[in-house]
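All chains, please: the whole structure from these sequences, using the hints.
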Amino acid sequence: MKRNNVKNIDLKPQTLKTLATVTALGAVLMLGACHKKAAPPPPPPPPPAASPTAAISVSPDTIQPGQSATLTWQTSNATDVSIDGIGAVQPSGSQSVNPTDSTTYHLVAKGSGGTQEASTRLTVTQPPPPTQAATPSPTDEDLFGRNVQDVYFDYDKSNIRGDQQTSVQGDAQFLNQHPNISFTIEGHCDDRGSTEYNLALGDQRASSVKSALTGAGVNASRIKTISYGKEKPFCLEDNEACWQQNRRGHFVYQK
Amino acid sequence: MSYTVSFRLGSRNGSNRMDDRHKQRQVPHFPGISAPTGARLLSALSFLILLSSVLLAPSFAQDWVRTGSGLGVEKARLAVPDFKPASADPQNAALLKTFNDTFWNDLDNSGVVELVSKSFYPLQVPGQPAEVTSNLWSAPPPNAAMLAFGNLGVAGGKVTVQGWLYDVKNTASPQILGKQYTDVPTDDATRLIAHKFADEIIFRLGGGIPGIAESKLYFVSDRSGHKEVWAMDYDGSNQHQITHQGSISLSPRISPDGSRLAFSSLTKSGWDILMFSLDLNRLISFPRFGGTNLSPAWSADGTSLAFSSSRSGDSQIYVCDASGNNLRRITAGKGPDVSPVWNRKTGAQVAFVSGSTGLPQVYTMEADGTNQQRMTDQGYAVSPGWSPNGQFLTLAWIRKYGPGEPGSSDIYLMDIASKQWVQLTHDGGRNDFPSWAPDGRHIVFQSSRSGKEEIWMMLADGTKLHQLTFTGRNTQPNWSWK
Numbered sequence: 001m002k003r004n005n006v007k008n009i010d011l012k013p014q015t016l017k018t019l020a021t022v023t024a025l026g027a028v029l030m031l032g033a034c035h036k037k038a039a040p041p042p043p044p045p046p047p048p049a050a051s052p053t054a055a056i057s058v059s060p061d062t063i064q065p066g067q068s069a070t071l072t073w074q075t076s077n078a079t080d081v082s083i084d085g086i087g088a089v090q091p092s093g094s095q096s097v098n099p100t101d102s103t104t105y106h107l108v109a110k111g112s113g114g115t116q117e118a119s120t121r122l123t124v125t126q127p128p129p130p131t132q133a134a135t136p137s138p139t140d141e142d143l144f145g146r147n148v149q150d151v152y153f154d155y156d157k158s159n160i161r162g163d164q165q166t167s168v169q170g171d172a173q174f175l176n177q178h179p180n181i182s183f184t185i186e187g188h189c190d191d192r193g194s195t196e197y198n199l200a201l202g203d204q205r206a207s208s209v210k211s212a213l214t215g216a217g218v219n220a221s222r223i224k225t226i227s228y229g230k231e232k233p234f235c236l237e238d239n240e241a242c243w244q245q246n247r248r249g250h251f252v253y254q255k
Numbered sequence: 001m002s003y004t005v006s007f008r009l010g011s012r013n014g015s016n017r018m019d020d021r022h023k024q025r026q027v028p029h030f031p032g033i034s035a036p037t038g039a040r041l042l043s044a045l046s047f048l049i050l051l052s053s054v055l056l057a058p059s060f061a062q063d064w065v066r067t068g069s070g071l072g073v074e075k076a077r078l079a080v081p082d083f084k085p086a087s088a089d090p091q092n093a094a095l096l097k098t099f100n101d102t103f104w105n106d107l108d109n110s111g112v113v114e115l116v117s118k119s120f121y122p123l124q125v126p127g128q129p130a131e132v133t134s135n136l137w138s139a140p141p142p143n144a145a146m147l148a149f150g151n152l153g154v155a156g157g158k159v160t161v162q163g164w165l166y167d168v169k170n171t172a173s174p175q176i177l178g179k180q181y182t183d184v185p186t187d188d189a190t191r192l193i194a195h196k197f198a199d200e201i202i203f204r205l206g207g208g209i210p211g212i213a214e215s216k217l218y219f220v221s222d223r224s225g226h227k228e229v230w231a232m233d234y235d236g237s238n239q240h241q242i243t244h245q246g247s248i249s250l251s252p253r254i255s256p257d258g259s260r261l262a263f264s265s266l267t268k269s270g271w272d273i274l275m276f277s278l279d280l281n282r283l284i285s286f287p288r289f290g291g292t293n294l295s296p297a298w299s300a301d302g303t304s305l306a307f308s309s310s311r312s313g314d315s316q317i318y319v320c321d322a323s324g325n326n327l328r329r330i331t332a333g334k335g336p337d338v339s340p341v342w343n344r345k346t347g348a349q350v351a352f353v354s355g356s357t358g359l360p361q362v363y364t365m366e367a368d369g370t371n372q373q374r375m376t377d378q379g380y381a382v383s384p385g386w387s388p389n390g391q392f393l394t395l396a397w398i399r400k401y402g403p404g405e406p407g408s409s410d411i412y413l414m415d416i417a418s419k420q421w422v423q424l425t426h427d428g429g430r431n432d433f434p435s436w437a438p439d440g441r442h443i444v445f446q447s448s449r450s451g452k453e454e455i456w457m458m459l460a461d462g463t464k465l466h467q468l469t470f471t472g473r474n475t476q477p478n479w480s481w482k
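The listed protein sequences correspond, in order, to chains A and B.
When you line the first sequence up against the numbering used here, it's residues 1 to 255, in that order.
When you line the second sequence up against the numbering used here, it's residues 1 to 482, in that order.
No lab work stands behind these hints, which were simulated from the structure alone.
Accuracy of the hints is not assured; some may be wrong.
Stated by the list, open to error - Computed Cβ-Cβ distance ranges for the label pairs, DEER-style:
id, chain 1, residue 1, chain 2, residue 2, range
1, A, 142, B, 370, 53 to 61 Å
2, B, 269, A, 180, 22 to 30 Å
3, B, 277, A, 142, 44 to 52 Å
4, A, 184, B, 370, 36 to 44 Å
Note that the coordinates shown come from a computational prediction; the quantities given were computed from them, not determined experimentally.
We put the CB at the ideal spot given by N, CA and C, even for glycine.
Okay, structure coming up:
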C-alpha cells in the first residue's frame, strides 16, 4: 500500500446529520415568517338532488364454456336499477353468470337526480385443442448416454477383461450405427497408488478402449483420449466397490 | 563427504529383519547423521548387524567433522541462548523473536548438532564476547561443546545482528566464527539473517557441506480451488502460489539454477510439460509433444530434461534439452514408464518407474537407455529420488500390495550398489514423493498421516519428523538444488 502524506478530514455521519437538521429547522422558521392570514368565506348555497352513481364488474373476466363468473354491481341515489339480459336488480349486489358466449353486461341506474350507466365484458374463450402425447425425437447425445457403456478394469490392469467384452461390442455397434458422433474416452484409476503412475495407467486404459473400438471398425478420428489418473474419482469411499467404480474408461459425448 | 553405509538389513534374498508388519521402529545407523542413543540404540543393535567396532568413538570435537570415515559419533552439543537486544529500540522485541525462533529451528533441524535444552543454561547469557564465561557452558548441567550467541539491534533504519560461535572447551582461543549482518528492519530480512548465520555454523560443524536454511521447496497445493504449483521456504514459512493455470498442475521440478520450474499440466490439448520462469513470473514457451506428458526431471547440469510421454503409444521415458529440442526416446519396452530422475552426481544414469512386469517397480538405466537394472523385488514401488552423493535412492514402497492386502506406502532408502534398503517411515498413512535436500541429510515427502495429504520433513535416518503445511491438500514436494 502506498503511503502518502496527504492529510484528510473525515466527514463523520454525526456531523452530516447535524447539518441536515439545522438546515431543515432553518427552512421551517423561514416559511413560518412568510405565512399570512386569509379573509373568512361567504355562506354555501343549498345542495341540489344527488345524481346516481353506478359501477359493475365481473370476476374472472375470462372463462371457458361451462364455467361461471360472478357479476358484482354497486349503485347509489338510484331507485330503478336494471341489467340487460338479467332484468331489474337490487341497487347493489352480485350474481353468478355462465353464458356460452362472450357477453357485455350493461347496467342502468335511475334516480331523482338523473340516470347513470355502467358496463363490463365477460369473455368466453374456446378451449384449446387436446394436446397429442408428443414423443420428442431423442438427440444423439441422449442416445449416446443410453447406449454407450463405460468399460471397467481390474486392479493395475489396462487390458479389456472378459466380462467387459459385451460392453465394448455393444459400444462399437452403436458407434458404427451413428458415424457422425465423436467422443472422448477418459481413463480413470482408483485412489490407491501414486499420482504419476496412475496418470500413465489411466492413459493406457483409455488407449486400450480406443484400440478395441477401432479394431471393431470405429474410425480413430472420432476418438479422443485423456487420462485423469486418480484426479477425478467417481466415488470416494475406501472399499473395493468404490475402487472398481473408479477403475474405468469413461465415455463423454463430444458436442 | 561420502557416507559409508555398512548395514545388512532387508536384503534381496528376503531375509528381512525389518518386517514392517510388526511396525518396529528401526533406526538405521548412518555415520555422520546421528547415533541412536539409549534404549533406541539397544533395540537397533538387536536387529542390525553392524561393524560394531566403529560404533563408539572416543572423542567428538574433531572426529565427527570427518563424516566420511564411517565413525558413529555423537553430534556436538551446541548451546544457543536467545540473542540479546543491542539497543532500546521498540522494534527490537518483535525482530528478536523472529530471529531467535528461526535461528533455533534451523540449528535444531540441521542434523549436525544437538541443541542443549534452554533449561540447563546459566541465568546470565552473553550478548558479547566479553560477557562469555566458557566454563559455565562447558561444565554440567549444560555440558556444551559449542556456544552460539550474539545480539540484535535496530538503529538508523537498519537492523544489525552480531553473532559468534565459540568452542567453549578451548578457553585459549574459543572463537570459531564472528559475523555481523545488516539489513532493513523487516521480518523477512531478519529471518534471512538467521538462516544465513545458522548455515555458516552448519557449514563449519557439518563437514563442509552447506546448510539448507535458505533452500526452497516447490509443491502442489489445492487450497486455491485447483491443484497449482506453490513454493515455500524450507521451514514451511512464506508459502505462496506460483502458477494460476486453473486446471490440474502436478509434478513441479525446479531447475538447478533456481530460475525455471518445469511441471505437468492438463491443458486443452491434454497433459503437457509446461515451463515457468521465476525471473519473468510467467510461462515461457516449451513444445507440446502430443500424448500424455508427465513427471519432468532436470539433469544436475541443467541442460537436459527427462520425462514420460505417451506420444508414440504407451508411456515411455524421453529426454530433451532444456528448451524442449532434440527429443529422443530412451525406453522401448512395455510400459507404462514414468517418474524419471537423474543421477545427481554423475548425470549419466536415470532411475524410473515401470509397470512392465505388472505392479510398478523402480529401475535404473544409463542415460541412453541401456543397461536397465531392476531395483525393487516386489510390491508397489514408485517415486524414486536420487541422493546428492549419487549413492542412494529414496522411494515410496508398499512391499506387500494387492487387493485386500494391508500395508501402507512408506518412504524407503536404498543403497544402489547393493540394493539393500531401509524403511524410514513407520507410522502409517500413505507416504509418497520423497525428495532429497541438497545437503543429502534431509528428505521432504508427502504424507496422509495427519488425516489428509500434507508436506513433511525428516532427516535421512527417519528422525526429526515434522509437518510443514497445514492448509488444503499439499503433495509432491521438490527441494531446490541449493
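Here is what the structure says about each hint:
Distance hint for residue 142 (chain A) and residue 370 (chain B): a CB-CB separation of about 54 Å, consistent with the stated range 53 to 61 Å. A C-beta distance of roughly 24 Å is found between residue 269 (chain B) and residue 180 (chain A), which places it inside the suggested range of 22 to 30 Å. At about 47 Å, the beta-carbon gap between residue 277 (chain B) and residue 142 (chain A) stays in the expected band of 44 to 52 Å. Between residue 184 (chain A) and residue 370 (chain B) the Cβ separation comes to about 38 Å, which falls inside the hinted range of 36 to 44 Å.
In terms of the numbered hints stated before, the structure departs from none.
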